[in-house]
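S.K.: Sequence:
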Amino acid sequence: MLLAVDAGNTNIVFALVDGREIKARWRIATDPRRTADEYAVWLSQLLALEGYERKQVDAVIVSTVVPRALHNLEVLSQKYFGTQALIAGRPPVEWGVPLDVDEPQSLGADRAVNTIAAHALHPGDLIVIDFGTATTLDVSDFNGAYKGGIIAPGINLSLDALVNAAAKLPRIAIEAPKDNLSVIGRNTVDQMNIGIYWGYIAMIEGLVGRMKAEIGRPAKVIATGGLATLFEQHTDVFDAIEPDLTIQGLAIMWERAHIAG
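First residue of the sequence shown: 1, per my numbering; consecutive thereafter.
No lab work stands behind these hints, which were simulated from the structure alone. Glycine included, C-beta positions come from ideal geometry on N, C-alpha and C. You may find that some hints are simply not true.
As the list claims (entries may be wrong) - So the derived label-pair ranges between C-beta atoms look like this: (1) Ala152 - Asp100: 18 to 28 Å; (2) Leu181 - Lys55: 26 to 36 Å; (3) Ala161 - Leu49: 53 to 63 Å; (4) Arg210 - Pro123: 21 to 31 Å; (5) Pro92 - Ala145: 12 to 22 Å.
Stated by the list, open to error - In silico BS3-like cross-links for lysine-lysine, where the CA-CA straight-line distance does not exceed 25 Å: (6) Lys220 - Lys147; (7) Lys23 - Lys79; (8) Lys79 - Lys55; (9) Lys23 - Lys55.
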């Protein structure tokens, strides 16, 4: 089986994949200082809890936007799984799609992987929205080429900045407002909740509308990331929710390289 690793700025997701079927997934806070040995102890216990053994993993593929975390993940793969980790974007798992932007080398690996997965799963022009540390909106055309996108502060990042900068504002959970019809809060917590929740929906709807107008053709909107389902309740801007898009993309990339090899 394949161990697919998506190392983001906030969390690292490890997923056990058989073909394109995700058998199990685990999440740990990103810490570039965490050693391969620490990863191995944690993963071995989780694999056992799910009924798997380390020896069942015969391939590892990594996508990372945290360069400092990569070395220990490569050591983990070599030392504890007996295989050299494949790094998304490097031979033999190159992107395989045109990155039609001014600085393709600066594109985050997760965004390229999401583009590959979205194009494999959905035909036509696409807008992929990833609710992560940053909220990113990425456009790919009907040929699968990455055409560019938008980077906005993630909702948790925005909330942290607000709370840290305003001494009297409390820390709140991100959730849909209880009164779905009103955007006039009667107390501080409700006002913050409305501002964060409906503010983000308004931002996403507005940006998607502008993107579609610029694309000039029908474009399907694919959402991923943990908060996608939370916003889905009160907007019809999403055509599909793909919670494991990055992991799916890594599995597709490994599969293509494996077949080619």
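S.K.: Take the hints in turn and mark each one as holding or not.
M.R.: Hint check:
{"no.": "1", "hint": "Ala152 - Asp100: 18 to 28 Å", "result": "holds (21 Å)"}
{"no.": "2", "hint": "Leu181 - Lys55: 26 to 36 Å", "result": "violated (56 Å)"}
{"no.": "3", "hint": "Ala161 - Leu49: 53 to 63 Å", "result": "violated (37 Å)"}
{"no.": "4", "hint": "Arg210 - Pro123: 21 to 31 Å", "result": "holds (23 Å)"}
{"no.": "5", "hint": "Pro92 - Ala145: 12 to 22 Å", "result": "holds (21 Å)"}
{"no.": "6", "hint": "Lys220 - Lys147", "result": "holds (15 Å)"}
{"no.": "7", "hint": "Lys23 - Lys79", "result": "holds (23 Å)"}
{"no.": "8", "hint": "Lys79 - Lys55", "result": "holds (12 Å)"}
{"no.": "9", "hint": "Lys23 - Lys55", "result": "holds (15 Å)"}
Going through the hint list in order, the structure does not satisfy hints 2 and 3.
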